[in-house]
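Visitor: Sequence:
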Amino acid sequence: MVECLIKCGAKVNIKCIDGLTPMHYAAENNWIKVAELLIKHGANINLKDDKKETPLHICADSNRSEIAELLLTNGAHTKTGSPSLLTFLHIAAQYDSKETAAVFIEHGNDINAKDKNGDTPLKTAEFLISSGADIHVKNIKGKNALFYATENSFTEIAKLLITNGADFREKIHNGETVFHISARNGNKEIMELLISQGADIRDKSQDGNTAFHLAAKCNKVEIVALLISHGVDINERNNNGDTALHIAVKSNKKDMIGFLISQGADINAKDANEQIPLHYAQISGKTGIEKLLLSPESLKNKTLQDFMKPKKKYTKKAKSKPENQSNKPSSEPEFKWHYSIWNKPKTPYELKK
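Just so it is clear: in the sequence shown, position 90 is 90 by the UniProt record's numbering, and no numbers are missing.
Keep in mind that a hint or two might mislead.
FRET-style restraints, in silico, Cβ to Cβ [said to hold, decoys possible]: (1) Glu222 - Gln197: 18 to 28 Å; (2) Lys116 - Gly264: 55 to 65 Å; (3) Arg202 - Asn46: 29 to 39 Å.
When the alpha-carbon atoms are kept at most 20 Å apart in a straight line, the in silico EDC-like pairs for lysine to aspartate or glutamate are as follows [claimed, not checked]: (4) Lys33 - Glu66; (5) Lys52 - Glu106; (6) Lys138 - Asp96; (7) Lys204 - Glu170; (8) Lys291 - Glu236.
Please keep in mind that the hints were generated in silico from the structure rather than gathered at the bench. Using N, Cα and C, we set each Cβ at its ideal position, and we do this for glycine too.
Make the full structure from the sequences, and use the hints.
Guide: Laid out in C-alpha coordinates, this is it:
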(Lines of atoms letter the chains of each structure in order from A; the text may use other names.)
(Lines give C-alpha, C1' and ligand atoms only; values in the text may rest on other atoms or scores of the structure.)
Protein backbone atom coordinates (compact mmCIF):
# COMPACT_ATOMS: atom_id res chain seq x y z
CA MET A 1 0.00 0.00 0.00
CA VAL A 2 2.74 2.48 0.96
CA GLU A 3 4.71 1.75 -2.20
CA CYS A 4 1.57 2.17 -4.28
CA LEU A 5 0.86 5.56 -2.66
CA ILE A 6 4.42 6.72 -3.31
CA LYS A 7 4.16 5.67 -6.95
CA CYS A 8 0.94 7.65 -7.18
CA GLY A 9 2.71 10.79 -6.02
CA ALA A 10 2.42 10.73 -2.22
CA LYS A 11 5.14 12.83 -0.57
CA VAL A 12 7.40 10.89 1.77
CA ASN A 13 8.22 13.97 3.88
CA ILE A 14 4.71 15.35 4.29
CA LYS A 15 3.79 16.46 7.80
CA CYS A 16 0.42 16.01 9.41
CA ILE A 17 -0.93 16.83 12.85
CA ASP A 18 1.78 17.68 15.42
CA GLY A 19 4.35 17.85 12.63
CA LEU A 20 4.75 14.10 12.40
CA THR A 21 6.15 12.60 9.20
CA PRO A 22 5.55 9.10 7.81
CA MET A 23 8.96 8.13 9.25
CA HIS A 24 7.82 9.18 12.74
CA TYR A 25 4.84 6.84 12.42
CA ALA A 26 7.03 4.02 11.08
CA ALA A 27 9.30 4.37 14.12
CA GLU A 28 6.41 4.57 16.58
CA ASN A 29 4.78 1.42 15.20
CA ASN A 30 8.04 -0.44 14.56
CA TRP A 31 7.30 -0.79 10.86
CA ILE A 32 10.78 -1.68 9.68
CA LYS A 33 9.76 -2.48 6.07
CA VAL A 34 7.91 0.83 5.77
CA ALA A 35 10.94 2.67 7.14
CA GLU A 36 13.19 0.96 4.59
CA LEU A 37 10.78 1.89 1.80
CA LEU A 38 10.62 5.53 2.89
CA ILE A 39 14.42 5.77 2.98
CA LYS A 40 14.63 4.15 -0.45
CA HIS A 41 12.38 6.91 -1.82
CA GLY A 42 14.35 9.75 -0.26
CA ALA A 43 12.67 10.40 3.09
CA ASN A 44 14.44 12.95 5.29
CA ILE A 45 15.09 10.93 8.44
CA ASN A 46 16.13 14.00 10.46
CA LEU A 47 12.90 16.01 10.15
CA LYS A 48 11.53 17.14 13.53
CA ASP A 49 7.95 17.25 14.71
CA ASP A 50 6.38 20.12 16.67
CA LYS A 51 8.12 18.88 19.83
CA LYS A 52 11.49 19.16 18.07
CA GLU A 53 11.86 15.38 18.03
CA THR A 54 13.15 13.23 15.18
CA PRO A 55 12.15 9.60 14.51
CA LEU A 56 15.28 8.60 16.43
CA HIS A 57 13.78 10.13 19.59
CA ILE A 58 10.84 7.75 19.23
CA CYS A 59 13.23 4.81 18.82
CA ALA A 60 15.02 5.83 22.02
CA ASP A 61 11.95 6.11 24.23
CA SER A 62 10.01 3.21 22.64
CA ASN A 63 12.90 0.73 22.33
CA ARG A 64 12.81 0.41 18.54
CA SER A 65 16.31 -1.00 18.16
CA GLU A 66 16.01 -2.28 14.57
CA ILE A 67 14.71 1.01 13.23
CA ALA A 68 17.31 2.90 15.29
CA GLU A 69 20.01 0.79 13.62
CA LEU A 70 18.48 1.49 10.20
CA LEU A 71 18.28 5.24 10.82
CA LEU A 72 21.80 5.53 12.20
CA THR A 73 23.23 3.48 9.35
CA ASN A 74 21.54 5.87 6.91
CA GLY A 75 22.88 9.05 8.47
CA ALA A 76 20.51 10.00 11.29
CA HIS A 77 21.89 12.82 13.43
CA THR A 78 23.20 11.56 16.76
CA LYS A 79 22.68 14.83 18.64
CA THR A 80 19.25 15.46 20.09
CA GLY A 81 19.47 19.23 20.11
CA SER A 82 17.84 19.16 23.53
CA PRO A 83 18.38 22.25 25.74
CA SER A 84 18.70 19.86 28.68
CA LEU A 85 21.77 18.31 26.94
CA LEU A 86 20.19 14.86 26.97
CA THR A 87 21.72 12.40 24.53
CA PHE A 88 19.82 9.57 22.88
CA LEU A 89 21.60 7.27 25.30
CA HIS A 90 20.18 9.25 28.24
CA ILE A 91 16.70 8.93 26.76
CA ALA A 92 17.07 5.19 26.12
CA ALA A 93 18.30 4.69 29.69
CA GLN A 94 15.43 6.70 31.14
CA TYR A 95 12.87 4.57 29.31
CA ASP A 96 14.68 1.27 30.00
CA SER A 97 15.25 0.77 26.26
CA LYS A 98 18.18 -1.60 26.70
CA GLU A 99 18.38 -2.97 23.17
CA THR A 100 18.22 0.50 21.63
CA ALA A 101 20.75 1.82 24.16
CA ALA A 102 23.13 -0.88 22.92
CA VAL A 103 22.63 0.34 19.34
CA PHE A 104 23.48 3.91 20.36
CA ILE A 105 26.62 2.70 22.13
CA GLU A 106 27.68 0.77 19.03
CA HIS A 107 27.31 3.95 16.98
CA GLY A 108 29.49 6.02 19.30
CA ASN A 109 27.17 7.69 21.80
CA ASP A 110 29.30 8.96 24.70
CA ILE A 111 28.61 6.84 27.76
CA ASN A 112 29.99 9.62 29.98
CA ALA A 113 28.05 12.51 28.46
CA LYS A 114 26.40 14.72 31.09
CA ASP A 115 23.04 16.43 30.91
CA LYS A 116 22.41 19.90 32.35
CA ASN A 117 22.20 18.38 35.84
CA GLY A 118 25.55 16.66 35.44
CA ASP A 119 23.99 13.19 35.23
CA THR A 120 25.43 10.52 32.95
CA PRO A 121 23.53 7.52 31.56
CA LEU A 122 25.18 5.51 34.36
CA LYS A 123 23.26 7.51 36.94
CA THR A 124 20.06 6.61 35.14
CA ALA A 125 21.17 2.97 34.90
CA GLU A 126 21.70 2.86 38.66
CA PHE A 127 18.19 4.17 39.20
CA LEU A 128 16.70 1.66 36.76
CA ILE A 129 18.47 -1.27 38.40
CA SER A 130 17.39 -0.17 41.85
CA SER A 131 13.83 0.05 40.49
CA GLY A 132 13.88 -3.56 39.31
CA ALA A 133 14.98 -3.29 35.67
CA ASP A 134 15.78 -6.67 34.09
CA ILE A 135 19.53 -6.69 33.53
CA HIS A 136 19.46 -10.14 31.89
CA VAL A 137 17.40 -9.22 28.83
CA LYS A 138 19.10 -9.88 25.46
CA ASN A 139 18.85 -8.07 22.17
CA ILE A 140 18.40 -9.68 18.75
CA LYS A 141 22.13 -10.50 18.67
CA GLY A 142 21.85 -12.52 21.85
CA LYS A 143 23.82 -10.03 23.92
CA ASN A 144 22.86 -8.57 27.26
CA ALA A 145 23.85 -5.18 28.67
CA LEU A 146 26.98 -6.61 30.30
CA PHE A 147 28.37 -7.72 26.94
CA TYR A 148 28.09 -4.22 25.51
CA ALA A 149 29.57 -2.62 28.61
CA THR A 150 32.50 -5.04 28.43
CA GLU A 151 33.06 -4.76 24.69
CA ASN A 152 33.24 -0.98 24.93
CA SER A 153 35.31 -1.02 28.15
CA PHE A 154 32.65 0.84 30.10
CA THR A 155 34.19 -0.37 33.32
CA GLU A 156 31.90 1.39 35.80
CA ILE A 157 28.73 0.18 34.10
CA ALA A 158 30.13 -3.35 33.85
CA LYS A 159 30.96 -3.29 37.56
CA LEU A 160 27.47 -2.01 38.35
CA LEU A 161 25.87 -4.82 36.35
CA ILE A 162 28.13 -7.54 37.77
CA THR A 163 27.62 -6.50 41.38
CA ASN A 164 23.87 -6.49 40.75
CA GLY A 165 23.85 -10.06 39.51
CA ALA A 166 24.34 -9.86 35.74
CA ASP A 167 25.09 -13.32 34.33
CA PHE A 168 28.77 -13.17 33.37
CA ARG A 169 28.76 -16.87 32.42
CA GLU A 170 26.32 -16.26 29.56
CA LYS A 171 27.79 -17.21 26.15
CA ILE A 172 27.21 -15.62 22.76
CA HIS A 173 27.12 -17.42 19.40
CA ASN A 174 30.87 -18.23 19.31
CA GLY A 175 30.94 -19.55 22.86
CA GLU A 176 32.69 -16.53 24.34
CA THR A 177 31.77 -14.96 27.67
CA VAL A 178 32.48 -11.46 28.95
CA PHE A 179 35.60 -12.95 30.55
CA HIS A 180 37.00 -13.72 27.07
CA ILE A 181 36.09 -10.24 25.86
CA SER A 182 37.74 -8.57 28.86
CA ALA A 183 40.93 -10.55 28.21
CA ARG A 184 41.01 -9.52 24.56
CA ASN A 185 40.48 -5.86 25.51
CA GLY A 186 43.03 -6.00 28.32
CA ASN A 187 40.57 -4.79 30.95
CA LYS A 188 42.28 -5.99 34.11
CA GLU A 189 39.83 -4.28 36.47
CA ILE A 190 36.81 -6.12 35.05
CA MET A 191 38.71 -9.41 34.93
CA GLU A 192 39.73 -9.14 38.58
CA LEU A 193 36.13 -8.46 39.53
CA LEU A 194 34.90 -11.42 37.47
CA ILE A 195 37.49 -13.73 39.05
CA SER A 196 36.44 -12.56 42.52
CA GLN A 197 32.84 -13.38 41.57
CA GLY A 198 33.77 -16.92 40.52
CA ALA A 199 34.41 -16.69 36.78
CA ASP A 200 36.00 -19.84 35.34
CA ILE A 201 39.42 -18.83 34.00
CA ARG A 202 39.60 -22.09 32.00
CA ASP A 203 36.28 -21.61 30.21
CA LYS A 204 36.62 -22.24 26.47
CA SER A 205 34.92 -20.76 23.42
CA GLN A 206 33.71 -22.91 20.52
CA ASP A 207 37.19 -23.00 18.98
CA GLY A 208 38.70 -24.04 22.30
CA ASN A 209 40.30 -20.72 23.15
CA THR A 210 40.47 -19.63 26.77
CA ALA A 211 40.85 -16.04 27.93
CA PHE A 212 44.56 -16.86 28.24
CA HIS A 213 44.83 -17.70 24.52
CA LEU A 214 43.05 -14.47 23.52
CA ALA A 215 45.21 -12.32 25.80
CA ALA A 216 48.33 -13.89 24.26
CA LYS A 217 47.07 -13.22 20.74
CA CYS A 218 46.32 -9.58 21.55
CA ASN A 219 49.64 -9.04 23.37
CA LYS A 220 47.99 -8.28 26.72
CA VAL A 221 50.98 -9.17 28.91
CA GLU A 222 49.38 -7.80 32.08
CA ILE A 223 46.33 -10.03 31.60
CA VAL A 224 48.47 -13.09 30.90
CA ALA A 225 50.41 -12.40 34.11
CA LEU A 226 47.13 -12.05 36.03
CA LEU A 227 45.84 -15.38 34.76
CA ILE A 228 49.12 -17.15 35.48
CA SER A 229 48.96 -15.82 39.05
CA HIS A 230 45.53 -17.47 39.34
CA GLY A 231 46.83 -20.86 38.23
CA VAL A 232 46.01 -21.04 34.53
CA ASP A 233 47.72 -23.83 32.59
CA ILE A 234 50.35 -22.00 30.54
CA ASN A 235 50.42 -24.86 28.01
CA GLU A 236 46.62 -25.23 27.63
CA ARG A 237 45.65 -26.11 24.05
CA ASN A 238 42.75 -24.98 21.89
CA ASN A 239 40.96 -27.12 19.29
CA ASN A 240 43.91 -26.79 16.88
CA GLY A 241 46.31 -27.96 19.54
CA ASP A 242 47.77 -24.47 19.82
CA THR A 243 49.24 -23.30 23.10
CA ALA A 244 49.40 -19.61 23.94
CA LEU A 245 53.00 -19.68 22.70
CA HIS A 246 51.94 -21.04 19.30
CA ILE A 247 49.36 -18.28 19.06
CA ALA A 248 51.78 -15.53 20.09
CA VAL A 249 54.31 -16.73 17.48
CA LYS A 250 51.69 -16.88 14.72
CA SER A 251 50.54 -13.37 15.72
CA ASN A 252 54.13 -12.06 15.79
CA LYS A 253 53.85 -10.80 19.38
CA LYS A 254 57.51 -10.69 20.40
CA ASP A 255 56.96 -9.23 23.89
CA MET A 256 54.39 -11.89 24.64
CA ILE A 257 56.65 -14.67 23.37
CA GLY A 258 59.48 -13.53 25.63
CA PHE A 259 57.18 -13.29 28.63
CA LEU A 260 55.62 -16.72 28.08
CA ILE A 261 59.04 -18.34 27.76
CA SER A 262 60.19 -16.60 30.95
CA GLN A 263 57.16 -18.08 32.72
CA GLY A 264 57.97 -21.62 31.62
CA ALA A 265 55.93 -22.10 28.43
CA ASP A 266 56.91 -25.30 26.63
CA ILE A 267 58.84 -24.28 23.51
CA ASN A 268 58.64 -27.85 22.20
CA ALA A 269 54.88 -28.25 22.57
CA LYS A 270 53.34 -29.65 19.38
CA ASP A 271 50.03 -28.62 17.88
CA ALA A 272 47.58 -30.86 16.03
CA ASN A 273 49.90 -30.78 12.99
CA GLU A 274 52.88 -31.92 15.08
CA GLN A 275 54.44 -28.47 14.75
CA ILE A 276 56.33 -26.64 17.50
CA PRO A 277 56.23 -22.81 17.71
CA LEU A 278 59.67 -22.46 16.11
CA HIS A 279 58.38 -23.98 12.86
CA TYR A 280 55.94 -21.08 12.44
CA ALA A 281 58.59 -18.51 13.27
CA GLN A 282 60.88 -20.01 10.62
CA ILE A 283 58.14 -20.12 8.00
CA SER A 284 57.22 -16.48 8.61
CA GLY A 285 60.86 -15.42 8.48
CA LYS A 286 60.84 -13.60 11.83
CA THR A 287 64.49 -14.05 12.81
CA GLY A 288 64.11 -12.15 16.09
CA ILE A 289 61.38 -14.52 17.19
CA GLU A 290 63.38 -17.54 16.05
CA LYS A 291 66.24 -16.54 18.32
CA LEU A 292 63.87 -16.24 21.28
CA LEU A 293 62.68 -19.78 20.69
CA LEU A 294 66.03 -21.41 20.03
CA SER A 295 67.45 -23.26 22.99
CA PRO A 296 69.55 -26.37 23.62
CA GLU A 297 66.29 -28.28 24.07
CA SER A 298 64.70 -27.10 20.84
CA LEU A 299 67.85 -27.86 18.88
CA LYS A 300 67.53 -31.51 19.87
CA ASN A 301 64.09 -31.73 18.25
CA LYS A 302 64.47 -34.19 15.35
CA THR A 303 61.50 -32.81 13.42
CA LEU A 304 63.02 -29.37 13.61
CA GLN A 305 66.45 -30.65 12.57
CA ASP A 306 64.92 -32.29 9.48
CA PHE A 307 62.97 -29.13 8.77
CA MET A 308 66.07 -26.92 8.98
CA LYS A 309 68.26 -29.02 6.69
CA PRO A 310 69.35 -27.11 3.57
CA LYS A 311 67.14 -27.89 0.60
CA LYS A 312 68.21 -28.01 -2.99
CA LYS A 313 66.36 -25.68 -5.25
CA TYR A 314 63.85 -27.36 -7.52
CA THR A 315 65.10 -27.26 -11.10
CA LYS A 316 64.62 -29.51 -14.08
CA LYS A 317 68.29 -29.40 -14.94
CA ALA A 318 71.29 -28.05 -13.12
CA LYS A 319 72.49 -24.82 -14.64
CA SER A 320 75.46 -22.67 -13.84
CA LYS A 321 74.66 -19.19 -12.61
CA PRO A 322 75.87 -16.12 -14.47
CA GLU A 323 78.36 -14.16 -12.40
CA ASN A 324 76.05 -11.16 -12.07
CA GLN A 325 73.03 -13.21 -10.93
CA SER A 326 72.01 -12.61 -7.31
CA ASN A 327 71.77 -15.49 -4.87
CA LYS A 328 67.96 -15.63 -4.89
CA PRO A 329 65.61 -18.58 -5.33
CA SER A 330 64.45 -19.33 -8.82
CA SER A 331 60.89 -18.50 -9.81
CA GLU A 332 60.16 -22.22 -10.18
CA PRO A 333 57.93 -23.96 -7.62
CA GLU A 334 59.31 -24.37 -4.10
CA PHE A 335 57.80 -24.64 -0.68
CA LYS A 336 57.72 -21.41 1.29
CA TRP A 337 60.16 -22.68 3.92
CA HIS A 338 62.66 -23.60 1.18
CA TYR A 339 62.74 -19.93 0.21
CA SER A 340 63.35 -18.80 3.75
CA ILE A 341 66.20 -21.25 4.29
CA TRP A 342 67.84 -20.43 0.93
CA ASN A 343 68.59 -16.85 1.99
CA LYS A 344 69.17 -17.54 5.67
CA PRO A 345 71.60 -19.52 7.85
CA LYS A 346 71.38 -23.16 6.98
CA THR A 347 71.04 -24.60 10.47
CA PRO A 348 69.55 -23.56 13.79
CA TYR A 349 73.09 -23.58 15.18
CA GLU A 350 74.05 -20.81 12.78
CA LEU A 351 70.88 -18.90 13.69
CA LYS A 352 71.89 -19.16 17.32
CA LYS A 353 75.16 -17.30 16.68
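Visitor: Compare the structure with each hint and give your call.
Guide: Results of checking the hints against the structure:
1. Glu222 - Gln197: 18 to 28 Å: Holds, at about 20 Å.
2. Lys116 - Gly264: 55 to 65 Å: holds (56 Å)
3. Arg202 - Asn46: 29 to 39 Å: Once the Cβ atoms are compared, 50 Å apart, the range 29 to 39 Å for Asn46 and Arg202 is violated.
4. Lys33 - Glu66: Within the cut-off at roughly 11 Å; holds.
5. Lys52 - Glu106: violated (25 Å)
6. Lys138 - Asp96: Satisfied, since the Cα-Cα distance of roughly 13 Å is no more than 20 Å.
7. Lys204 - Glu170: Holds, at about 12 Å.
8. Lys291 - Glu236: violated (23 Å)
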